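Grab the two chains, each in its own frame, and use the hints to assemble them into the complex.
In order, the protein sequences belong to chains Z and V.
Number 38 in our numbering belongs to position 38 of the first sequence; there are no gaps in the numbering.
Number 519 in our numbering belongs to position 358 of the second sequence; there are no gaps in the numbering.
Treat the hints as calculated values from the structure; they're not laboratory data.
Certain hints may be false.
Claimed, not checked - Within a straight-line C-alpha distance of at most 30 Å, the following computed BS3-like cross-link-like pairs (lysine-lysine) qualify:
(1) Z:Lys146 / V:Lys482
(2) V:Lys248 / Z:Lys36
(3) V:Lys248 / Z:Lys146
(4) V:Lys482 / V:Lys183
Just so we're clear, the structure is a prediction, and the values are computed from it rather than from any experiment.
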Amino acid sequence: MDTTEALALAKEVAGAWTWETELVEPEENRLDIHLKNAGDLAAAATEIQANRLGYLAAITGIDLGAEAGELEALYHFCQAGAVITLRIRLPRENPVVATLTGIIPGAEPFERELSEMFGVTVEGLRAPNHLYLPEDWPDEVFPQRKDFDPAVLDGEAERSV
Amino acid sequence: MTTNTTSERFTVPIGPQHPALKEPGAFRFNVDGEIVTSATVRLGYAHRGIEKLAENQNWVQNIYLFERTCGICSHTHATTYCLGVEKLAGVEVSPRVSAIRTLVAELERIHSHLLWLGVSAHEAGFDTLFMFGWRDRETVMDLLEMISGNRVNYSVNILGGVKVDVTPEIVEQILAGVDLLEERTKHYLDVVSTDAGFLQRTRGVGVMTREQAEALGAVGPTARASGVARDLRVDAPYLSYSDFPVQMILDDRGDLEARFVVRLRELFESYRLLRELVTHMPEGELATRMPRRIKAGETVSRLEAPRGDVFYFIQSNGSDKPARVHVRTPTVCNMTSVVKLALGHQLADVPLILAGIDPCFSCNDR
Chain Z
1 MDTTEALALA
11 KEVAGAWTWE
21 TELVEPEENR
31 LDIHLKNAGD
41 LAAAATEIQA
51 NRLGYLAAIT
61 GIDLGAEAGE
71 LEALYHFCQA
81 GAVITLRIRL
91 PRENPVVATL
101 TGIIPGAEPF
111 ERELSEMFGV
121 TVEGLRAPNH
131 LYLPEDWPDE
141 VFPQRKDFDP
151 AVLDGEAERS
161 V
Chain V
162 MTTNTTSERF
172 TVPIGPQHPA
182 LKEPGAFRFN
192 VDGEIVTSAT
202 VRLGYAHRGI
212 EKLAENQNWV
222 QNIYLFERTC
232 GICSHTHATT
242 YCLGVEKLAG
252 VEVSPRVSAI
262 RTLVAELERI
272 HSHLLWLGVS
282 AHEAGFDTLF
292 MFGWRDRETV
302 MDLLEMISGN
312 RVNYSVNILG
322 GVKVDVTPEI
332 VEQILAGVDL
342 LEERTKHYLD
352 VVSTDAGFLQ
362 RTRGVGVMTR
372 EQAEALGAVG
382 PTARASGVAR
392 DLRVDAPYLS
402 YSDFPVQMIL
412 DDRGDLEARF
422 VVRLRELFES
432 YRLLRELVTH
442 MPEGELATRM
452 PRRIKAGETV
462 SRLEAPRGDV
472 FYFIQSNGSD
482 KPARVHVRTP
492 TVCNMTSVVK
502 LALGHQLADV
512 PLILAGIDPC
522 FSCNDR
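This is chain V alone, in the form it adopts within the complex (with noise of 0.2 Å):
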């Protein structure tokens, strides 16, 4: 009798309904016993054809459209978009707008930090962590909703400025729930780094060198916690980044547990952020008055989302309408380092090497 020595060579198919997270999107492993040696992903399974939608739909309407773009960083969204358009009309929004837009835009960092946080804890098999971090991303949760009235889709801007202002009974929630999140966020740091079980799921596991970071352009943390020093709040301030700047969180490491350091320091960089801007919330008015009809032109929008650069092109015939708008989301980067970081890891490695990068699915079909 003969042994087949040969090893066996298996396709393992995971979704289009994905096994654990909320969000479709298709990946075929090819594996060597538990080694997987290729990996391809097909995406589009939340295509919606906003890029060409919009192209029928005025400026305003847009925003709307825009803004579901994503469901976890819709402000970021329509805030890219807005800046753009507003550059296009060449309008100036006052400092307290900008501020405004500032402080959901990191309360938002913090709910998406903190969404990713449990996710990828699930992942790891720690639903200890996916628990208690769901749980206190509710304080952020009902700071949003007192400021916006929704939970999701905050539809904070309108073209020249925003619908909410900030009272000083809001400024009193946000200081309270800052100081109540980062008291559990270094708990969280503290597990993350120490937690033998955890460490053995993150150390050294999906590692991605500076080198393989730039050149698959990775973006956002992603690319921080292998020591691609990028980030558009610090590279090139908008917003209130420039009268309120934030220090880039850096670390070499490039493995899983390294993204999970970044995020989590960066949420302390948000904190004391919002403190100091609801502490020094500049003066002025909420709306500036928008031209229907935006003049002829194109420009370039990016922001610094929770996952990373955020690039809109945005293009103007002088109509009421766009006659272009491209999204490039973080997670389209960032999906190519999945599929190369994943070759050589066991199978079982491949979800949370997937989560590492806090991929959105709805993000990047578009």
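The following block holds chain Z by itself, in its conformation from the complex (with noise of 0.2 Å):
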């Protein structure tokens, strides 16, 4: 399936999701869904990889800011050029999400790191430890928060030693 396919075909197939999504395209090659309800994450991926839309490329996660009070996950599929990004909004406090390893294997690794480096709850991931930060880390501070301060680590090169 060529780019040009792959993103009819994703148009179509989203078009006729029930889930309230909206569809933007920002670039010739992307489709960018935003599915409003975060709970219809893993049955939308499992419609994409059933259309065979690509596979699962990354998981970008956005802060958007202690003022919007809102992180951002984006599910990147990819098929030849096409880009077929699922979009969804979480609250900055107590963000949970469902795992996507069930349907998607290679997708642990990027969900690790989701939830590391933003504080996002994967919940059902088999090995929910951390895969890049030490393991000393304090709790509860996410390296990629735009309010992280590497203040809070003072301290903590001496008590690893």
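Quick look at the structure:
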């Protein structure tokens, strides 16, 4: 399936979904599917997989800031040049999302990164421990959030020696 | 006296100081006798927080930062970043800029694949191939040094252009270097597909079926050696690949031998492409003016690195610094396959199975 076919099929498939969605085409090779309800993610990803609309290439986390009080998670599926993205908003306080590893085993490292860098709880993840951050990294400190202050790590170096 | 018939299970930790590779990664293999029953991986020993750091540096400074994501495919990272930022800014570069970027990218692929050939041969205990492979790799390293002045981090890119030009003397050297390398690569392809001792280590070992490769999201030569037709140079040509097309190299055997064959056969495509490219170099300006602030927006930039699909998500809020850059390197995708493929194999096969994906820890830690 080439880029144009993948985008056309994605539009058709996502257009037929009954979940609350909004389709945006930010660039000629991209289709962003905003899922209004984060709970629909696993079902939407299953549909993407079933229609062979690419492989899960990455999960991008974005912190929209304390003022907005939200995080955004982007699940990028790539087929040829097409990038089909499922976008969900999560509250900054206690963000929870279901794991996709049951459908896409390759999602594990991406989900673990999202979890430790942004503090998103990924429910059902087999090994929710740190993948990249050190074992003695302080709890509730998420380095890729916008308000991360490296000063919280002062003294950590001595502690771990 | 009773004999304990239940087999004993042990956990074999390997790393973080990896015994063979020069980069850190920690693996734990649970073994039943010699057979691996489960495996886990722990990364992050080379994590430098590049994505976070990028948010505090301006667009130009970030070229140098992202170039240092990886020491082997540094040019790929800088190019992916530059292409993304140029797309956001709506700047078109000249065909000559694209051609020079393509030229360096293909030289980089050659150096990376030959580097990998040496490392993997060493892991298989075939040090003669390791030594010869790395001796010949010096040819391409010299070419890269001649073009850019550097052996690593070539720093060829600027936003909107390139810093270096390709002169007729350089073209001559490239053609001579490519001739030599092509001759040598033929020999290596012959060796890895006929040497009986080597084949015992690679044939039928670490088999990943096409279905597995797709489910695990494998990319690059690792996926193509399992018959997954996925190569961005062919699927979505960028830079000069639409004018100078490459052929996708596929193999459906999925074992370690196939991964050797696919990477070596890709080298022939690179040699052919380089010859065409330097003899039909398009004309054009080497640099296009770029704005200091990049207009708000977001883009996805993808390139086929030597190890597979590199993915950059770049978001701008209209200032002179990016709001968010997410980098996903091919090793992250392929690392899951190592943990799965090792199951059921002898522990002694694990180092070569790991080397088979051409892992780059610096890349996947960022």
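Hint by hint, which ones does this structure get wrong, listed from lowest number up?
-> 4
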